[in-house]
Amino acid sequence: MKEELFVSGRDIPNIDPYLNIWHWQIPLYLFLGGLAAGILFFAGFYTVRGKADKMQATVKWAPLLAPIALVLGLGALFWDLKHKLFFWQLYTTVRLDSPMSWGAWTLMIITPISLIWVASYMKEMFPWWDWKFDFLNKAEAWVIKNRVGIAWVMMVYAVILGVYTGILLSAFNARPLWNTSILGPLFLVSGFSTGLAATILLSKDPKERKRLSQIDLIFIVIELFLIVHLFMGFLAGSQTAIEAAHLFLGGPFTVTFWVFVVMLGLVFPAVLETLELLGFHVPKWLPAVLILFGGLMFRFIMVEAGQITRYLY
Amino acid sequence: MNKHHSKNSEPKYINPYLGGVLLGLLVLVTVLITGRGLGASGAIKSTVVTTAHVFTPEQAKSNAYMNKFISDDHSPMYTWLVFETLGIFLGGLLSGIVFGRVKKLRTEHSPKITSKTRLIFALIGGMLFGIGSQFGRGCTSGAALSGTATFALGGAVVMFAIFGTGYAAAYFFRKLWI
Numbered sequence: 001m002k003e004e005l006f007v008s009g010r011d012i013p014n015i016d017p018y019l020n021i022w023h024w025q026i027p028l029y030l031f032l033g034g035l036a037a038g039i040l041f042f043a044g045f046y047t048v049r050g051k052a053d054k055m056q057a058t059v060k061w062a063p064l065l066a067p068i069a070l071v072l073g074l075g076a077l078f079w080d081l082k083h084k085l086f087f088w089q090l091y092t093t094v095r096l097d098s099p100m101s102w103g104a105w106t107l108m109i110i111t112p113i114s115l116i117w118v119a120s121y122m123k124e125m126f127p128w129w130d131w132k133f134d135f136l137n138k139a140e141a142w143v144i145k146n147r148v149g150i151a152w153v154m155m156v157y158a159v160i161l162g163v164y165t166g167i168l169l170s171a172f173n174a175r176p177l178w179n180t181s182i183l184g185p186l187f188l189v190s191g192f193s194t195g196l197a198a199t200i201l202l203s204k205d206p207k208e209r210k211r212l213s214q215i216d217l218i219f220i221v222i223e224l225f226l227i228v229h230l231f232m233g234f235l236a237g238s239q240t241a242i243e244a245a246h247l248f249l250g251g252p253f254t255v256t257f258w259v260f261v262v263m264l265g266l267v268f269p270a271v272l273e274t275l276e277l278l279g280f281h282v283p284k285w286l287p288a289v290l291i292l293f294g295g296l297m298f299r300f301i302m303v304e305a306g307q308i309t310r311y312l313y
Numbered sequence: 001m002n003k004h005h006s007k008n009s010e011p012k013y014i015n016p017y018l019g020g021v022l023l024g025l026l027v028l029v030t031v032l033i034t035g036r037g038l039g040a041s042g043a044i045k046s047t048v049v050t051t052a053h054v055f056t057p058e059q060a061k062s063n064a065y066m067n068k069f070i071s072d073d074h075s076p077m078y079t080w081l082v083f084e085t086l087g088i089f090l091g092g093l094l095s096g097i098v099f100g101r102v103k104k105l106r107t108e109h110s111p112k113i114t115s116k117t118r119l120i121f122a123l124i125g126g127m128l129f130g131i132g133s134q135f136g137r138g139c140t141s142g143a144a145l146s147g148t149a150t151f152a153l154g155g156a157v158v159m160f161a162i163f164g165t166g167y168a169a170a171y172f173f174r175k176l177w178i
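From first to last, the protein sequence lines stand for chains A and B. Position 268 (the first sequence) corresponds to 268 in the numbering used here; numbering is contiguous. Position 118 (the second sequence) corresponds to 118 in the numbering used here; numbering is contiguous.
Just so you know, these hints were derived from the structure itself, not from any lab. Mixed in with the good hints, there may be bad ones.
Listed next, the in silico DSSO-like pairs over lysine-lysine satisfying Cα-Cα at most 27 Å (straight line) [what the hints assert, rightly or not]: (1) Lys204(A) x Lys104(B); (2) Lys207(A) x Lys112(B); (3) Lys54(A) x Lys145(A).
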């Protein structure tokens with residue numbers, strides 16, 4: 001009989017020796033949250049810079065996706081809950097030291113903002129649109145007048161949303177793969193990159209697409225840098241961190257991570273975007289779709305692999 | 001390598017002799033990096049086995065040949081050949097972009113035949129190639145290219161068989177091309 005298992009108190013089904021609690025809903029939500037954060041940030045960014053007219057898809061059309069992504073993501077989160085009827089308790093709690101609390105309140109704020117943003121452009125996007133009620137028209141006029149101010153708030157919350165999708169994981173101290181300060185910025189950059197990719201897909205203006213591709217290239221380079229940094233940090237860390245890194249460096253996640261995330265999701269689209277900027281003809285949807293695919297795979301692999309990494313035994 | 005080719009209707013291909021040398025060097029690099037030669041038919045086999053296993057798991061398992069590749073904890077798709085084939089596709093795409101062949105989808109064929117005829121014969125040819133590669137334990141790249149690179153007699157036999165048969169059969173199918 002192995003007494004030490006009972007004494008240590010770590011013989012908990014689905015938690016030790018490894019987590020088996022988060023399935024497809026969580027990475028899907030993290031992906032959609034990052035995507036919405038990216039789209040909303042750049043919509044706000046170009047509004048603040050006064051270039052809304054030149055960046056039609058970025059400011060007007062792509063934000064249509066944001067509330068849809070947020071609602072679908074929240075739906076996935078809700079699906080994941082064990083006790084679904086208690087979800088409202090997240091909103092009776094404010095805990096500054098809990099990323100879940102931060103996330104719940106951030107979503108509580110940015111989801112309506114994204115809806116208001118889209119609503120304020122409805123008449124421009126769909127000329128037949130009619131609000132029917134006078135107070136709605138008045139509210140719309142007020143939003144349009146204060147668009148720059150709202151854009152600032154939206155940008156700030158988009159950054160918090162993007163970082164939070166990573167911090168949510170890095171707050172798990174007992175999971176070495178997640179417990180690194182790089183995860184927040186990494187998820188932020190990755191989310192922004194997927195947001196840009198989605199906007200590129202929607203944009204019909206070659207000039208706008210070119211500008212977005214340039215920004216996306218910068219984000220891809222930063223993301224690659226952060227990934228390298230992540231592994232350097234692990235390899236210079238404790239034995240548990242080294243073991244976490246070895247899941248990706250010769251372990252079971254090596255092929256999926258390096259092929260699908262790094263090569264297909266980052267390096268290859270970066271090469272394609274560079275060729276496109278150099279004047280070669282590249283199918284315009286291809287790099288964007290690859291980036292979206294890579295972003296999704298990244299979250300699935302990080303959530304899956306992180307649950308396996310551990311301290312004990 | 002010219003970006004203006006993207007507007008040209010005439011696609012540009014690599015010089016076959018240069019291509020052959022590069023292919024030989026590729027085998028060297030592949031052996032150096034992976035410790036194995038090149039191959040492509042294995043990826044098709046993996047795909048066929050996986051598809052069969054998804055739709056008719058019982059039949060796939062009762063088939064002596066397919067059963068070798070099926071295991072509970074390991075998908076047949078999780079082999080280096082599948083990833084290599086993915087790379088072939090992407091490398092071809094990259095070359096197409098650089099040499100201006102990606103502008104639009106086209107079926108290349110002799111002026112004497114229609115695109116439809118070309119596609120039908122390509123499909124038949126591909127199927128024969130797939131069957132033949134299983135008899136020969138590898139395709140042109142697996143058995144012939146990687147085989148001869150290691151001075152394997154079987155590789156040389158396959159190489160001569162492929163090109164000899166091709167030379168002999170070409171007479172009957174020449175009208176598909178010229």
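To see whether the hints hold, each was checked on the structure:
1. Lys204(A) x Lys104(B): 18 Å, holds
2. Lys207(A) x Lys112(B): 43 Å, violated
3. Lys54(A) x Lys145(A): 19 Å, holds
In summary, the structure is inconsistent with hint 2 from the numbered list given earlier, while agreeing with all the others.
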